[in-house]
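If you read the protein sequences in the order shown, they are chains A and B.
Taking my numbering as reference, the numbering of the first sequence is continuous, increasing by one, and the terminal residue is 857.
Taking my numbering as reference, the numbering of the second sequence is continuous, increasing by one, and the terminal residue is 857.
Just to be clear, a hint being listed does not mean it is correct.
If several chains are the same, the list does not tell them apart, and a pair holds so long as it fits within one copy or across any two.
What the hints assert, rightly or not - Pairs of lysine-lysine residues, derived as DSS-like cross-links and limited to a Cα-Cα distance of at most 30 angstroms, are as follows:
{"id": "1", "residue 1": "K483", "residue 2": "K244"}
{"id": "2", "residue 1": "K335", "residue 2": "K369"}
{"id": "3", "residue 1": "K335", "residue 2": "K490"}
{"id": "4", "residue 1": "K595", "residue 2": "K157"}
{"id": "5", "residue 1": "K369", "residue 2": "K595"}
{"id": "6", "residue 1": "K299", "residue 2": "K490"}
{"id": "7", "residue 1": "K157", "residue 2": "K844"}
{"id": "8", "residue 1": "K255", "residue 2": "K595"}
{"id": "9", "residue 1": "K844", "residue 2": "K595"}
{"id": "10", "residue 1": "K161", "residue 2": "K595"}
{"id": "11", "residue 1": "K595", "residue 2": "K848"}
{"id": "12", "residue 1": "K94", "residue 2": "K645"}
{"id": "13", "residue 1": "K244", "residue 2": "K595"}
{"id": "14", "residue 1": "K560", "residue 2": "K161"}
{"id": "15", "residue 1": "K130", "residue 2": "K595"}
{"id": "16", "residue 1": "K244", "residue 2": "K805"}
{"id": "17", "residue 1": "K369", "residue 2": "K483"}
{"id": "18", "residue 1": "K94", "residue 2": "K483"}
Just so you know, these hints were derived from the structure itself, not from any lab.
There are 2 protein chains.
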Amino acid sequence: MISRLLLEAIMELHHPVFQLKDLSHLWHSTIGIEKESLRLKQDGSLSEYPHSTEWGKRTQQPYIQTDFADSQLELITPPVYSAKEARKWLSATHQLVQDTITTQHDDELIWPFSSPGLLPDDVSSIKIAQLENENEYNYRAYLAEVYGKPVQLLCGIHYNFQINPALIEEKVADFNPNLSIKEVTNDLYLTLGRNYLRYRWLLTYFLGAAPYIADNYSTELYGSPKEKAMRSFRQSQYGYNNDEDVSISYASLEAFVSDVEKAVANGQLLLEKELYRDVRFRGQDRYRDLINNGIKYIEFRNFDLNPFDPYGITETDTDFIKLFILTMLFLPQVEKDEEVELGNIMNHVIASNEAHAALPYLAEGEKLVDAMLLVARALDEQQLMNGYFENLVTDKRQQLYHPELTIAGKLVTIIEKEAQAMNKPAENHFLAFGLNLARQHKETYLERDYNLHGFENYEISTQNVLKHAIKAGIKIEEIDPTENLLKFTYNGHSELVKNANMTSLDTQISYFVMENKVATKKVLAQNGIRVPAGNSFTSFEEAARYFPLINFEQFVVKPKNTNYGLGISIFKTFPSRENYEEALQIAFAEDNTVLLEAFMPGTELRFYVQNNNVEAICERQAAQVKGDGHSTVSELIDVVNSNPLRGDNHRSPLVNIGKGRLEQLQLTSQNLTLDSIPEEGQVVYLRENSNISTGGIAIDRTDEVHDDYKRIAIQSAQFLGANFCGVDLIIKDYTQPIVEEADYGVIEANFNPAMMIHLFPGVGQARPLGKAALKQLFPEAPLD
Amino acid sequence: MISRLLLEAIMELHHPVFQLKDLSHLWHSTIGIEKESLRLKQDGSLSEYPHSTEWGKRTQQPYIQTDFADSQLELITPPVYSAKEARKWLSATHQLVQDTITTQHDDELIWPFSSPGLLPDDVSSIKIAQLENENEYNYRAYLAEVYGKPVQLLCGIHYNFQINPALIEEKVADFNPNLSIKEVTNDLYLTLGRNYLRYRWLLTYFLGAAPYIADNYSTELYGSPKEKAMRSFRQSQYGYNNDEDVSISYASLEAFVSDVEKAVANGQLLLEKELYRDVRFRGQDRYRDLINNGIKYIEFRNFDLNPFDPYGITETDTDFIKLFILTMLFLPQVEKDEEVELGNIMNHVIASNEAHAALPYLAEGEKLVDAMLLVARALDEQQLMNGYFENLVTDKRQQLYHPELTIAGKLVTIIEKEAQAMNKPAENHFLAFGLNLARQHKETYLERDYNLHGFENYEISTQNVLKHAIKAGIKIEEIDPTENLLKFTYNGHSELVKNANMTSLDTQISYFVMENKVATKKVLAQNGIRVPAGNSFTSFEEAARYFPLINFEQFVVKPKNTNYGLGISIFKTFPSRENYEEALQIAFAEDNTVLLEAFMPGTELRFYVQNNNVEAICERQAAQVKGDGHSTVSELIDVVNSNPLRGDNHRSPLVNIGKGRLEQLQLTSQNLTLDSIPEEGQVVYLRENSNISTGGIAIDRTDEVHDDYKRIAIQSAQFLGANFCGVDLIIKDYTQPIVEEADYGVIEANFNPAMMIHLFPGVGQARPLGKAALKQLFPEAPLD
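Only chain A is shown next, with the shape it has when bound in the complex (with noise of 0.2 angstroms):
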């Protein structure tokens, strides 16, 4: 059974072009997942809510489709180079499905196998997928009528491959001189379709997993299946097949489009795409255009859904995939036609085995892994991977002699011995298997839901506009993502965003002006906003004239720029001279510049100002704990800190209290330290500042704050030129109007300002600051 040419690469991969050292290179090629799967009531029957709004157009969302029917997601990850990045798409799309469609759709579920474990009565009922292009939709009903409904919920992977295009352009000239880059590329594309097509029964071997299939499952094509489990019923003639006197050439590209092209005309597929194929090259809307345009990726269709993993498929699957796709790239050609019916053949025979059988073309199989071998070696070694890849091989390579240890044979073995000990056949314990583990799923899909699942690198405010962007269907491209810096685009328009709202809305000014305390009260006092009395020295001599001229009690003198609180002096008496001076020198020795303030006595609120807006107010605590009678602070901040919700470096809404010299120095000023035990109900500031950051907690005060102070706060930001800006107000009752200039004061106006706040504000209601950074910037975008 082995291929004379396979035979022939037992001891050492070649190809015409590409060496084992250009392995990296071939590694750096993008790879892209599609992974459909159904949505399902709790009771296994089709979800009958059509696809959300909330995942906006579907003529625009790159990431979360229908396929055929209204019930059956698509989600998509963009081209990424490694497994890992692949995983974070799916990761981040599967937690935004299974939000909307528990909180909207009555607690939905998302089908784990690529079979379908429960089908209507009456299949008719089956929705289609309600797509705005009508041709699409006439496409579907027309599939269904030739095809069935039941066939076209089968569910998959597709997995498109890109060959590093830079590689391809730097070795064109070692292919025959005379081809374009194109033409080489095509080439390259088909060989590899040819050489995949007929050796990928080794794929469905280690990775089909679809054992069982609902029980009324039947195709127009082979009618009901009559055996009761299989490796994979979605690969074997139950599955998605054209009629076989569709019969398309590989031999050559002018040959496969021609055939494409005679099917199409003599009736025999309605449109091109009708050709379904588990290789499938893309990047032209018509087959004759890729002899024109060329190829730009290839497509493989064959892979069952991995009902263990929540995304369908595991990481080392992805890899192990990637892998064995360079290494057709490396087997001698396989050149005729009759060869690739032959893998067809051969893919259908494992699909159709049962699960636990032996694998009947072992030797071949060997002969696969040990070239597979070869080519991970080399990866290992040239990309210091530490025999990664060779464990990827190594791994599978005992499969072969254990199919028990596949994914079906895995599936077949518990589903088996579930269902013995409920005492039913196991095909019928698929569906409540099969359901169980879409909630163990759901679970995962939901842990941590203030994080997008994957992007955790990011804060958490850039977490919440990427959020509402993939919902939205707004592109996302990761620009750089150490510095929270992305590009979205919505149709064509573009917007780059760093920190969730600096944006193309603010101007440069605008942010010198903010991130400069003393001219941002300078601006705001000349337009007539209260700001604290006060002023600015840039020598200690200058300062010290100015006691005389100091016209309030209480006062602070402050670097312009403070870093934990260093080198500020509150005066809530008058001083003297001497001591007056002594703050000055305390504060120099922090900043060139010094700041003199009136003390203003009130509440401190942050105002979210989004053009001319107010869309969220928080009032901010200090760190603090309260005294149960027995733990000491030490404790105490050790039980605050369990929350979950505690973290660290802006990835977690609120920030854990420390344990620190200034947590210890304001202990002191309280006659505390860690180990005193306060009383019970005693409440102990770790903290002078109310920032989250060091541990404050925040609460939302959006509707409780009169609306003089908004107006202030939006006037503020305008006088600054800014769009988004925090505005930090002293209020003295800020449920009551503006009676005197002295009920209020601007503090400060903060560029970029915090979201997380008043995302996950400790008390009070959460406002949706990451959609309306995005409405602002995309209204054209279905963000309602």
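Go by the hints and put chain B onto chain A.
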């Protein structure tokens, strides 16, 4: 002669409400200077050039104006707190005016005396200021007829003074509690005015400075002077006086206003403003409105130009006058008009006296100086001035007994002495003496022309913008000098500007993209701009794995944010894996992100892009010296640094070459030390980088570079969303068009691109970038 009231004040100063302890607040009152002077040809005759259009539109120009004649400049400071600040503005406007009249007006001069030195034979030929407002022009024509043109050519300093309004507000309850702030303020200014008029003769004694006058000078009211010399022709009867019949009471504001209105009604005055007095109440268009809306400030008009000072008044005299004004507040109130009239007569006597004549009012003068001394000492104490104010007063005190030490006294002494040597009458030497001073002052005005005088605390680029703003009549507010942050206003339209070109014309996000090398390259590359090939890495492992993927022979490994070239490795030949990893380790020691960048050979050019236009292009060359065969490297550096254009900290157009660690490292790589003696003609580099800030020089290439590269620079700025952008290109041959991609690469894009290298290139044509920035911000302002 000593008034009874003054006698009472000898022992202790008092005011009904203010106390000596309020002096700091009073000292914190604002002053503003208006300085008139004549523009002259080199021979001393009046300029025939009109007021230059370079100084903008007269209706919008707050700093550079004309008075009566078109050749009569009026240079105006904004309200400021200190003499130093006033001088800052005067030195700036004098510099700018002299610059214009030197380059555009055949080397004109600014006449330093209040009295003209030369009048045309036909004084009717003197050209009245060509004001747009017809009424203003007609009014001047009327003045010329009634008073004669020569009188109107007398120049002086007007000293505006506003009592600290915060202090009045604080004290208002202590005044008559039935009075409003406005009434109290009016009352304060009226009593200040009366006291000032009564005692101003003392200032005329110290500061009078118009001892000679053009020989054909004459007045309509008093004819030609009979005297050849006096202390001040300007303040004598030969000055600008209304008809003696115009009698105005200062007893109350109502009385004052009624009298003025009466004089207008009966035709003694054409307009209210024709009233010429040494004290003028300001703040309203019509005097009647002062009663209703309040006096805003007071103007003292009795100061002759001090010809010894380039700006017509010394810093210490500016302070002395303020001290005198404050003392007037503390003297008992002069109430009767007779006393005011007495003051007028005494002032005329002092003005008409010969400059060396003994003071006729010595006793009153001593008492006044004693009173000033009390004020000075209190201020010295409160303002920690180490006797500065006391010294001002004691210095003047001795002049009471030594008229030859007064300004007029010194002038006459010198002029007489010089005239004697030339054997001619002193009055005949007046013109030559004045012209000589004018030429000396011109040198002062024009020194360091890369600076804006008085504003040297700003970066050169900001000074350049300020120059053009002042010239165009754009109002300036200094928001934060330490950060080069200014507010410009023209005709109600305001713009904030930081560091010369960070403005509202750029977006916040473009700043963050350009600040980030990774993001800049990514955005440019996405848009088809060629950037050096490469990649960025956030971990050593990731970077190490990239080794086999490096597609280029020569490349650089560097930290994302390079400081002083630390952490950079340059590979001119392809390295071993080991060497590559070593370079990574060095780079990761400096930053969390490391860049790999293909090395691009060629010339590095900086394109200064503004508003889709290339305004300037510079080539920068690294700090270097050229050997002379006998000097050491260290000595050669000293020679280069002796260039007056070199300095430090962006305050001079070129920066000194250092002798620090990095320069020494650079020498080591050339097998040299600071003590080596390079051969004649040998070029020694002190830096690898070509930044001006490390001693490099710039060569203007704007007109030599092919348009293709300008297009690339403009497109780069567009893709980055930048209005102001410094695009750095490496170009193979910048005179040739782009033939293939490899001909260029954009290596960096900079927000806030340096102007200095283009304003003051070491070689080649200067480019007016400060003006260009303002022109875009204020298209409505006269900047052409």
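Here is what the structure says about each hint:
no.	hint	in the structure
1	K483 x K244	neither (43 angstroms within a copy, 91 angstroms between copies)
2	K335 x K369	within (23 angstroms within a copy, 94 angstroms between copies)
3	K335 x K490	neither (50 angstroms within a copy, 117 angstroms between copies)
4	K595 x K157	between (50 angstroms within a copy, 22 angstroms between copies)
5	K369 x K595	between (58 angstroms within a copy, 22 angstroms between copies)
6	K299 x K490	within (23 angstroms within a copy, 131 angstroms between copies)
7	K157 x K844	within (27 angstroms within a copy, 53 angstroms between copies)
8	K255 x K595	between (63 angstroms within a copy, 26 angstroms between copies)
9	K844 x K595	between (33 angstroms within a copy, 26 angstroms between copies)
10	K161 x K595	between (46 angstroms within a copy, 21 angstroms between copies)
11	K595 x K848	between (32 angstroms within a copy, 25 angstroms between copies)
12	K94 x K645	between (74 angstroms within a copy, 23 angstroms between copies)
13	K244 x K595	between (63 angstroms within a copy, 25 angstroms between copies)
14	K560 x K161	within (17 angstroms within a copy, 47 angstroms between copies)
15	K130 x K595	between (47 angstroms within a copy, 29 angstroms between copies)
16	K244 x K805	between (73 angstroms within a copy, 26 angstroms between copies)
17	K369 x K483	neither (37 angstroms within a copy, 92 angstroms between copies)
18	K94 x K483	neither (37 angstroms within a copy, 93 angstroms between copies)
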